[in-house]
Amino acid sequence: MPHRSKRVAVTSPQTRLAHSRGRARGRWRVPRLDQGDAERAAVLYRRQRVQGLLALALITALLLGLPLLFAAWPELDELRLLGIPLSWLVLAVLPYPAMVLLAGWQLYRAERTEER
Amino acid sequence: MVALLALAPVMLVTLLIGLRGVAAMRTTSDFLVASRRVSPLLNSAAVSGEYLSAASFLGVAGLVVKDGIGSLWYPVGFTAGYITMLILVAAPMRRSGALTVPDFAEARLASPALRRLSALVVLVIGVLYLVPQFRTAGLVLSAVSATPYWVGVVIAGAVVSATIALGGMRAATYVQAFQFFLKLLLFIIPAVWLVVQVGPDVRHDAVHPVEFTVFEHDTTVSFRVDAILETEEPTPVVAPDGSTTTLGPGQHTIEAGRTLVFAEGAPVPGIRGDAPLGGPDWQRPLLNLEDAGHPLLSTIAVIVAIVLGTMGLPHILMRFHTSPDGRSARRTAAITVALLSVFYLFPGVYGALGRVLLPQLYLSGATDTVIVALPSQVDTGWAGTLMTAMLTVGAFAAFLATSLGLLLVISGAIAHDLVPAGLRKLRFSAVPAAAAIVLLALPSAHLDAGLLVTWGFTVASSTFCPLLVLGIWWSRLTAQGALSGVIAGLLASSGSILVALFGPPLDGWPAILIVQPAPWSVPLAFATMVAVSLHGSPAPWSRTAMLRLHLDEEHVRGSARRPPDAT
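Chains A and B, in that order, give the protein sequences.
The working numbering runs 35 ahead of the 1-based position in the first sequence.
The working numbering runs 1 ahead of the 1-based position in the second sequence.
Think of the hints as simulated: they come from the structure by calculation, not from any bench.
Please read these numbers as outputs of a predicted model, since none were measured by experiment.
Each statement offered as a hint is correct.
Listed next, with one range per pair, are the computed distances between beta-carbon atoms:
1) B:H205 <-> A:L88: 45 to 51 Å
2) A:R115 <-> B:H218: 24 to 30 Å
3) B:H218 <-> A:A106: 35 to 41 Å
4) B:P113 <-> A:R84: 26 to 32 Å
5) A:V65 <-> B:D292: 54 to 60 Å
6) B:L441 <-> A:Q70: 49 to 55 Å
7) A:L129 <-> B:H205: 18 to 24 Å
Quick look at which bits of chain B chain A covers, simulated, 3 or more residues with Cβ under 8 Å:
8) 61-74
9) 84-91
10) 282-295
11) 300-309
12) 321-333
13) 537-550
A virtual CB, placed ideally from N, CA and C, is assigned to each residue, including glycine.
Throw the hints in and build the complete structure from the sequences for me.
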């Protein structure tokens, strides 16, 4: 008789969660890493932490810098680009490409760290 | 009415997916393995699909009309939250194998008490996040079908709980991903059409706001929520029965449900507690919570709550588990930033046009309906009706996607973490949960939409954000410290919200720090966690438990295997 694999329900993560969490209870075990893995993990942890702090500083500068800019320089509301107040554009458009670039840069660095 | 008919297919399709989930979504384990290899692009579309809620689809544009251009800080924060998620949480959270924060608490700190507390926090966040969704759905349904607000809320609640009870929780990743692209199209096409269709004059007015002081033509205002009007000179108004009354100078309370016609040339009354529409305050790119007069503090408070709160949203964290490993979870977060960036370019367009074409919504308190009301102002023919229908469908799809995801997380927290029960009960614990949220949404119509939207984020930022960040990046965190910090953050943020709802009215900066406590409740939670942890000593395996989260799967050789799957 040919081997037939068991039929399994294909479900969303939510449903898998719902099924698994009832069973997963009380199966906690002490986490273990062998020597080599622990050393590698410690190196990765330190590198990712330094890189993460730099990226966090940049996103903080963007998110706190823009309100400060608007508060300190209300004349931005009077300047216009293509008829639209410059301060509106700086708030409604500028952050998005900046954030996409920052996300791409951070992703690239985080992945390169792990490739070493 | 046509718009209401257009809702029927959305509900039907959602119900059908739910029914199919029960009967037909069974196939071989090969397929199951394939479904675990969801690509980062597909998964980030699913994350965005689940994240873009009624508050994003309708609420932001409504807030622009109501509070001004500064409201565009909300979508900036909604997007920036995924950058902090990418930097701090995405990959380690996936590598922990935990699906939810209660799971994470147990995996990292081995504390059942913390698990139960986290489940309670999931409940609080879920309810605070869902109430504004139901409120918006109710306002929109009542606007497109001319029914009372409560009917809209009850219909919304009925559809959601029916879908869940029938098995709609099984909607798979590709359905959510499809939903995202559907919402994107249904949002962008009408926006472009509106900008083209309104003509040069309206386009000019949209970017040259003037204060709304005089009614330019006879204007009918249907008050959706109780409003206190402030008039400075006698203002004649016509009631629906044709009788004319004059509102003398002073304050007038208008109950929800009344309709008044303001004559051409009549002065526009002010609304207590709101900046005048189109005035200098409205044009500033900063928020002014409670009209308390500290725009910089208001803006930063909202940004802190949203950006840090996004990391702890339970329905989003769970989505990341669909990624096969930490690396693709990180990619998912990065692509999500890009997808959301496209979507959030457009709420401002609707807001600016809405201020010109529908200024009366500012009086009626139904600014959330501005997006669905706009097309008929521009075109009364079939094109306008089609656009209204598209936007209503998109809004309802947004409401359903977010509400279903969150309700499932809430019922999971109740069924698995708080009360021991099987899956059968899980499905039906969603129905009373939805009913409770309907009951909470009914009296919420008059609450400030901007506050409602951020309160769920506020609690998440004061509880789960410190728990995840310290749990992932600080090996000295102890279970006791985490417990104390989560309790401190939960009490501070939810207590503050209760004071804002039921306490005495406040002025100045204390008012801001009460309605938006994140600037102090987040540091408080972090400080409590660190202080209590330093006082005790971590478990001997604590450092290993943390380092394990930073080890990339491809290089794993020994004891730490690929993260366990949830099957």
